[in-house]
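Residue numbers (the numbering used here), protein chains in the order written: chain S, 1284 to 1396; chain G, 1224 to 1343.
Be careful, since some hints might not be right.
Stated by the list, open to error - To give an idea of the interface, some chain G residues facing chain S are shown, with a C-beta separation under 7 Å as derived from the structure:
id : residue
1  : F1257
2  : L1267
3  : L1269
4  : T1272
5  : G1276
6  : I1316
7  : F1334
8  : G1335
9  : P1336
10 : T1341
No lab work stands behind these hints: they were computed from the structure. Please read all numbers here as calculations on a predicted model, not as lab measurements. The beta carbon of each residue, even a glycine, is placed where N, CA and C say it ideally should be.
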Amino acid sequence: AQSVTQLGSHVSVSEGALVLLRCNYSSSVPPYLFWYVQYPNQGLQLLLKYTSAATLVKGINGFEAEFKKSETSFHLTKPSAHMSDAAEYFCAVSAPGRRALTFGSGTRLQVQP
Amino acid sequence: GAVVSQHPSRVICKSGTSVKIECRSLDFQATTMFWYRQFPKQSLMLMATSNEGSKATYEQGVEKDKFLINHASLTLSTLTVTSAHPEDSSFYICSARQDKTGLAGGDTQYFGPGTRLTVL
Chain S
1284 AQSVTQLGSH VSVSEGALVL LRCNYSSSVP PYLFWYVQYP NQGLQLLLKY
1334 TSAATLVKGI NGFEAEFKKS ETSFHLTKPS AHMSDAAEYF CAVSAPGRRA
1384 LTFGSGTRLQ VQP
Chain G
1224 GAVVSQHPSR VICKSGTSVK IECRSLDFQA TTMFWYRQFP KQSLMLMATS
1274 NEGSKATYEQ GVEKDKFLIN HASLTLSTLT VTSAHPEDSS FYICSARQDK
1324 TGLAGGDTQY FGPGTRLTVL
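Only chain S is shown next, with the shape it has when bound in the complex (with noise of 0.2 Å):
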């Protein structure tokens, strides 16, 4: 079985400060890791995806994430927050043979002008 616990369910920043979105899974197999982010009333989109190859993947608009398999981590990380960032942000885990998404309970984040 697969779950994924995302620390803080709100993080405020300030505009152009970095950003650290955690999120810890735990899997009895090699996960595949994701980060979806969510727009109010939108689905969701993916930002990064992490699949056994490179542990630190580079995602759209800035965002990276780097996959610890000795602290079971797949933190997401952008150095300098802007408005536009604010919005739900959901990690989730898979595993081969198991096609379904399992989410974290999601980070909501806040930008502070």
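Go by the hints and put chain G onto chain S.
Leaving out everything else, chain G in the frame of chain S:
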């Protein structure tokens, strides 16, 4: 890029009626589609896995007779909420897994924009 559409985007219905939601992959084939439900300020919960040409696989606790899924083609899956009640009001989101060979489990899912169902 891969695009998934959902129709309608918003629906309001009376209690006891049935509502059909369509999920289409517009520029790729998807043998497998997924239906999720999202309550306000909560995460997505998988309801069922829709497989083209075969019966859907429902998650534990999801009533298959209430949430009818039909995956009629490689680009279309429908979710019908039968005899809807106010507690069925929610945001329903579908996703489609792009068919690829040589990959297992790590394929990207593309999400539709969601359908907000309100049952009065």
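Hints, verified against the model:
Hint status for F1257(G) relative to chain S: holds, with the closest Cβ pair at about 6 Å, below 7 Å. Look at L1267(G): its Cβ gets to within about 5 Å of chain S, closer than 7 Å, so that hint holds up. Interface restraint check: L1269(G) against chain S, minimum CB-CB distance 5 Å, threshold 7 Å, status holds. The beta carbon of T1272(G) is positioned within 7 Å of a beta carbon in chain S (closest approach about 6 Å), and the interface hint is therefore held.
For G1276(G), the interface hint is violated, the least distance from its beta-carbon to any beta-carbon of chain S being 16 Å, above 7 Å. The criterion of a C-beta within 7 Å of any C-beta in chain S is met by I1316(G), whose closest approach is roughly 5 Å, and the hint holds. Taken as an interface hint, F1334(G) checks out: its beta carbon lies about 4 Å from the nearest beta carbon of chain S, inside 7 Å. Taking 7 Å as the C-beta contact cut-off toward chain S, the hint placing G1335(G) at the interface holds, the least distance being around 5 Å.
The criterion of a C-beta within 7 Å of any C-beta in chain S is met by P1336(G), whose closest approach is roughly 4 Å, and the hint holds. The criterion of a C-beta within 7 Å of any C-beta in chain S is not met by T1341(G), whose closest approach is roughly 13 Å, and the hint is violated.
The structure fails to meet hints 5 and 10 from the earlier list, while all remaining hints are met.
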